[in-house]
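S.K.: Protein sequences, first through last, are from chains C and U.
Per the numbering used here, residue 1 is the first one in the first sequence, and the count goes up by one each step.
Per the numbering used here, residue 1 is the first one in the second sequence, and the count goes up by one each step.
Please keep in mind that the hints were generated in silico from the structure rather than gathered at the bench.
Note that the Cβ used here is the ideal one computed from N, Cα and C, for glycine as well.
Treat the hints with care, as some may be off.
[To be verified] Taking beta-carbon pairs under 10 Å as the criterion, some of the chain C residues facing chain U (in silico):
#, residue
1, Asp63
2, Leu72
3, Glu74
4, Gly77
5, Ser78
6, Gln131
7, Val133
8, Ile135
9, His139
10, Arg181
11, Ala184
12, Ala187
13, Gln197
Chain by chain, the residues:
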Amino acid sequence: MVSIAIPTGVLLEGARGLLDSSGLAELGEEELGRQLLVERGRVRVIIVRPADVPAYVDHGAADLGIVGKDILWETPGSHYELVDLRFGGCRLVLAVPNASALDGPRTWPPLIRVATKYPRTASAWFEARGQAVEIVRLHGSVELAPQVGLVDGIVDLTATGRTLRENGLRVTAVLGNSTARLIANQASLKTRTASVQSVVSKLREASNHAAP
Amino acid sequence: MRRWGYRHIITPLVEAMDVLDLGLGVEQRRRLFKFTDGRGDVVALVGERTVPVARLVAGKLRTTALPLRLCYAGPVVSTEESRFQHRRETYQVGAELIGASGPVADAEVIALAARCMEATGIRRYQIDVGHAEFFHGIMDAVRLPDDVKAAVRTALGARDFVGLETLLEDTPLRSAEHELLLRFPALRGGLEILDAAGGLVRNERSERALAQLREVYGLLTEHGIGDVVILDLGAIRDFDYYTGVIFEGYGPDLGRPVTQGGRYDGLLARFGREAPATGFVVQLDLVSEMLTRGARPPELPRVDAAIAWRGATGLRTALRVGSTLRLFGMRAVVDTESRTPAAARTWWDAVGAANLVHCTDSSAVTWSARGERARRLPPEQVAARLAGGIA
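For reference, chain U alone in the conformation it holds in the complex (with noise of 0.2 Å):
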């Protein structure tokens, strides 16, 4: 993210309840882990970073010209246990670009999110990108009693479709903005599904929000990454917060998005300095499952050099070849207890290092790679051969 621009910043785990009830939704802060401080002010354990950024933003970084580019990573914590696949902590990676309106600004974002989940490892994956606004556009436009709305609003929230038909069929007025919100999930695809969308709606909003997504998804070309994404009509998020481009990425057998992100224009005035503001994060959690799903576990970090001893005099040449070895950037483990040669041996394949280095005197040390036969060299020389075949 550095080779973007964005600057990394630390935001703190707890908040004050003051601040992140300026940012949150009632269902986001019945999830957060509140305790209370010396003062008896409530504060809780984060739940996501963004409200916190829009907090530094709007405080200390107030006098700092936007736009500006910021990253993070750290873990949030949730009360509630599916959140995160049954772990109440979870570790985030994230970006927000605060200042900048447009399609340019979207585009960005979402290539950046791109290149974050490649660099994690993902090899294949595919981002959707939808709209906000199309969504409100036709919300305004469908004729609909206000208490039905709010209904169809909950249902699609619930992603059930089964009680959207049920309440669309009861209203006596149909027209093509009912038959887009029971297509709802269906309304994927590449530009095409722009056309077939703008031939249906009849609303500024919503035919604005699919312009915008045509510039977008021309941009995403440009960046590199149009053959990953998906344009998602039928996005289902947090309608209160998003305020235009939405995205998610979805990486292979994995039944939730790793990557979510989107426009949030409103939030920034929430706290006193009115900004437009995107921004996504990556679920590290879930993307370290998805490349370890099925394989061994996680393998141990490869060792260099196993450094035996025996003897007084040996235990100090060891630790000055351990001294040695590391400031050549070697991974190197001192034993904690005298050996023999054979038990050293023994121990060198449980450490499971490259080398095996026996120190006994000062003068000479026995050195063996593996599949190699043993060597007796002053000590110095086997740091210098071993950095020297590393390096």
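Next up, chain C with everything else stripped away, as it sits in the complex (with noise of 0.2 Å):
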């Protein structure tokens, strides 16, 4: 028996569709949103939050896992990350008022202030730029802390740009590009390889296939 964690939200639907077309598990939409532990052959699929994904395979609970690479930017962890299953893509982008004079890097204020969900990637990212940062943490709703003058600017995930335009936000730098992830707990991999690298190769081959 190998288990998959799988995120609840936006990367549900394609977890789902890789799980389908790899032909590991078949699982409704509707069994979804009512179980939050299917098993189907061999494998165990354990639903659970995005941000929780990375504990469940690092402590062993999970063998695998599928999980956002903006995840993994604010948890790392022990685990192996090892296919880019290449959906769910976003941005996560530095975004500041249309008005703001704010641009590159020259036009920064000595000590910048910016409120995001991803604190520890947020810093990282200044810090290797020289540049002194105060972050507020915000739990959701970032984009409403720029216009109330909480913050300069706001580090927060994107995949259109829409939430963005419509709360008159501009980017102004891009920190990272997000796919989904395969991840893989260390021992898993090393004590019952056969079973779960076929696991792995089925979902490498599904993601390459669906690839565009």
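Please assemble the complex out of the two chains, which come individually in their own frames, going by the hints.
M.R.: Printed below as a string of structure tokens:
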């Protein structure tokens, strides 16, 4: 039995599609809404919050996990990141109000204030550029923060840019590109190599076929 | 470990930061709990004990002839909570073989680690054996600009194979070494993996590493643990620290290695006594987690006799019977309050002891064993029978 943790939210549909096309497990949409743990043949699928996927994998509660790269930036662990599954693409960007004078690094104030759900990634990025930064950690509606004068800009994930536009924000820098990744527990890879690797190659193959 | 000739040593939990600075990398230093002592010097709680052992070997034991076989046990702490399963503290048992190089020494330490894992009660386990030089050789041979090499090391250190692939895709020169790096997690198996890798690497460092691994594997078979050893050329460890054969022990159903070790020939020189060295630690917390997973909470220690009493004379007799039984190596609990025979039986059940001795006067006591009728006997006879029955 190989267990796979998949995230709720935007990546759930993609993960479901991949499990389906790889022939590992066909899961009905309704089924996923009702159950958090589904067993199909030799695969057990665990549905958890996106940010919890690395924890399940690192502790060995799941052998494999499907998770956005954005989550991995924030929670590095002892897992192996094996495959870029190429769905759920989005960018982590620095966005400022349309009216703001902030643009490239030369226009940044000595201490820039930034709101984000990704404090670790954001501070590392600014630090690498020699920029002092004050991170305001928010848990939701980050777009609101610059409009009410809380911060100079935000670091947030965007797929289409629509939410940013609707909130009068424009992108001034891209911190990174995120897609769904397949991660593996180190001990699972080493102690049950054959069964785990066979699931990995099925998923890898299916994601190669699905990719445009 | 005594049976293998390893001497038990005790190193302090608190070490001077100056000492630890010599042996630890930046990351490891960052994870230490640090504070100052009375003189204002910075000291820290140790996060591992190999560096303190190295200090001892290069200091107090500097006139002792090598090789030295040392072992130790004790707590270590880390500020990083995720490091030891969300605890700041864990308990490590370790051994170091200092002053011996070569496959025979490597195999001895791996075999000892295997026996230690067995001794903890783990029934199924496996030991992955790799070699730090195999990786170093590849990194020497692979043709990449220095900044890309650094990025490759970082990606491998983070076990980020997606990032690694992206890095290597952008480089025009592709060689067998590129493929090896990408296939790192899959470079595992028996002796056949050495042949497969030998056909791909074209550099002396890696080839020498493969030859050593072959020798170590042979010796481990002689040690009788060939069936639990898996060769893992893609083992990812702290490559700045380890210089030779490295290994990790895994138990069933636990997401992390319980044993880690390897050769670190560079460390002792930093303390002024150049010597090759190899060693390992077993994480006892992880072992106990593995053994008790899903099981009921740990059982209370078995108690041989519950000794109840009534009145001042009864108490005196009870205390005497208690000490006699303990002299015979039995576990005896003497009650803290006076009880009637009926209340004593209830208390007996709560204690969960095998026998109940109820004392009311000095000449005779009431002895009940589980499932047997109570008997009234002189205290000396009860003690003798209990001791005889258990011995």
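S.K.: Please write out, lowest number first, the hints stated earlier that are contradicted by the structure.
M.R.: 3, 6, 7, 8, 9
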